[in-house]
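Top to bottom, those sequences are chains A, B, C and D.
The working numbering numbers the first residue of the first sequence as 6 and each following residue consecutively.
The working numbering numbers the first residue of the second sequence as 6 and each following residue consecutively.
The working numbering numbers the first residue of the third sequence as 6 and each following residue consecutively.
The working numbering numbers the first residue of the fourth sequence as 6 and each following residue consecutively.
No lab work stands behind these hints: they were computed from the structure.
Here are the simulated lysine-lysine pairs, DSS-like style, with alpha carbons at most 30 Å apart:
1) C:K100 <-> D:K193
2) A:K86 <-> B:K193
3) B:K148 <-> C:K148
4) D:K100 <-> C:K155
5) D:K100 <-> D:K86
6) B:K148 <-> A:K155
7) B:K155 <-> A:K100
8) C:K155 <-> D:K148
9) C:K193 <-> D:K8
10) B:K86 <-> A:K155
11) B:K86 <-> C:K193
12) B:K8 <-> C:K193
13) D:K100 <-> C:K194
14) C:K8 <-> D:K155
15) D:K193 <-> C:K86
16) D:K100 <-> A:K155
17) D:K155 <-> B:K194
18) C:K148 <-> B:K100
19) B:K155 <-> C:K100
20) B:K155 <-> D:K148
21) B:K8 <-> D:K8
22) A:K100 <-> B:K194
23) C:K155 <-> C:K194
24) A:K8 <-> A:K86
25) C:K148 <-> B:K86
Remember, it's a predicted structure, so these values are computed and weren't measured experimentally.
Each chain, letter by letter, is given below.
4 protein chains.
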Amino acid sequence: MAKLYFYYSAMNAGKTTTLLQSAHNYSERGMRVAIFTPKLDHRAGSGTVASRIGLQAQGVAFERGDDLDTLIRADIAAQGKLDCVLVDEAQFLTKAQVWQLSEVVDELAIPVLCYGLRTDFRGELFEGSQYLLAWADELTEIKTICHTGKKATMTVRVDERGRALQAGPQVEIGGNERYVSVSRAEFKKVMRGESTVDGLVPQQPQLPL
Amino acid sequence: MAKLYFYYSAMNAGKTTTLLQSAHNYSERGMRVAIFTPKLDHRAGSGTVASRIGLQAQGVAFERGDDLDTLIRADIAAQGKLDCVLVDEAQFLTKAQVWQLSEVVDELAIPVLCYGLRTDFRGELFEGSQYLLAWADELTEIKTICHTGKKATMTVRVDERGRALQAGPQVEIGGNERYVSVSRAEFKKVMRGESTVDGLVPQQPQLPL
Amino acid sequence: MAKLYFYYSAMNAGKTTTLLQSAHNYSERGMRVAIFTPKLDHRAGSGTVASRIGLQAQGVAFERGDDLDTLIRADIAAQGKLDCVLVDEAQFLTKAQVWQLSEVVDELAIPVLCYGLRTDFRGELFEGSQYLLAWADELTEIKTICHTGKKATMTVRVDERGRALQAGPQVEIGGNERYVSVSRAEFKKVMRGESTVDGLVPQQPQLPL
Amino acid sequence: MAKLYFYYSAMNAGKTTTLLQSAHNYSERGMRVAIFTPKLDHRAGSGTVASRIGLQAQGVAFERGDDLDTLIRADIAAQGKLDCVLVDEAQFLTKAQVWQLSEVVDELAIPVLCYGLRTDFRGELFEGSQYLLAWADELTEIKTICHTGKKATMTVRVDERGRALQAGPQVEIGGNERYVSVSRAEFKKVMRGESTVDGLVPQQPQLPL
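Isolated chain A, as found in the complex (with noise of 0.2 Å):
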């Protein structure tokens, strides 16, 4: 029975890389799958989905307008049987589309695999991520750590010197600022100004929230 998967973290934890070798165990095992990335990501060139550890596949770009459901019914008419959808940045999706991945679960028999981010720099929910935790038949963390040793469960945006922005708009591309995932506990620290996460920030470029 096919289900409609959602793998939730905060910023790198792998989620690239496990949605990278759940496309390679299908492909194993003669299997097609089909790759969806939102537009929005134009760090490894349009539909391609990188991890920063060093794997990558080409996939589909998509927009906010689009309808999944009628993409993938065209790429199964194109291509044939189509064995597992799976989508990179799943928090990008809008509500529209996360109905639609249910429709291709439900109607086509099709599981779909989501791969994405659960709260932005201030708390709260991505769309996408909100509807996935609303409808999904299984929920599953995908655990990263924090510098403070507990698990990383959310993500501060910090300034060039590990100080906590407040606030800002979700999705910002380009600047200069890093994204640090962080436990609940520190991510208040870094919010009321307690905590810097200076010196932990990635430097190779990142997706914005």
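On the provided structure of chain A, position chains B, C and D as indicated by the hints.
Then chains B, C and D, alone, in the frame of chain A:
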């Protein structure tokens, strides 16, 4: 290390039974728990937490404006060391109250176990569920079954003949409407009028969503 | 798709309560379940499945030599469609019986939910647990608490003064020994004689491990 | 609070990729990890941990007689604070070594993440898997897929034509046998000679079970 837990499910899965079993486990080991329940729920008397299967315990009834962090600190001042906080019908928590419970975990190092519905009869998250799904350290599903044999993850509100009610307030007390837990595929059919759940409506009084 | 589930825990976590709630959920939706329990357990009358918290139901008592696949097919022939099989004290299943239950899942497409202890008082797997851990489709922990505040995952057998008993048969009926669930760290301390669990020994009769 | 984790799966699910991603996450936050791998595995050079998808890292090769608690304490004495221990091919641990790793968790408060197979080609637990399933604080499945579309939970050993090999040593180095991950239902068919997995056998070298 204390954590904030969210045990979520569709209606009639056994959330309150699980809460009462956990309270029993703590008590049996000589540890003290506090049970909280929203005042909204008048089914079994103010503050009484009762399970359909026949178990019950006395809890503290709280209102939307109450500060749970303050209530819990007062409870500790009056009655001494507290080992666990349990919250029934946690979907009715406000955003502020979920944050207050996270403070109990992060500042007082007391585990907080919240039990609640994921979505309402329209498929939308409740305020309490939304912020527990955003901030809890552990998300755990309490599974239940749809009459179709699939896992039930959604709840439909139906009239006396088992036909879906599409609109109306999220929370309604009294009336003849009833709630039935179904799979997402069955939810869609009932909402489209292609299926009814006549005969499957529980007879015992239930908390309106 | 039917699955073989193993819900495992230390003693006194609420396994039987969870089993009875699941049976209740199926019955409430008009579905038929069969509950199986090993004959070894004479506490509540042959075939009666009873929870410490006060719930009970009538099940079918089976012996080590019984073929559960045959028993279940006979039950279906006699009583009609079966929607779920639940097994209490599943640690006492033989290897052959776990395999038979897997046949019920794979051939009859009926979900089988097994509830049992993971390890005995020496920290060794029971035969039933060993093969459920090997072959079940889903492993789910039913959590409980150690008096130290950590999660309890092990069980110690102690004398009337709370001192560990190091040896003896895996299953012993009667006697004054008692069983206490503790964390692995506390298990080590009790076994080394550095800690006792005096005063924590449940007073109600318990199934000897 | 440190824990002993067992991430289990059938073959070719991506265990080593997940291990290497976790090691990367710790390193990226400025934390130090130690990776251990049994000497048995000579595929990629002694101590090298390599994933089929193309990632690798250098670990410490250990033998069946090694005391891992002693090795880890020596590593800390020589190199300083250790934040996490990761063990690849953990099914090959001895009972004593699993206990030693539990001491690292309980005495040194260092998290230990073990990745390994659940069962061998006959459906029996490995020694390391048996005691990790008995004593780990968290059991987490790394899911993979069977060519039938179900979840793969078992592993068959097959000859060059994809026919099941029923007997033989649990661990065999070299030879033309290959291993394929399948669902339990498909495992039964292949073992009864009713199905072959010809054409599904991975071509790259694999660790014999």
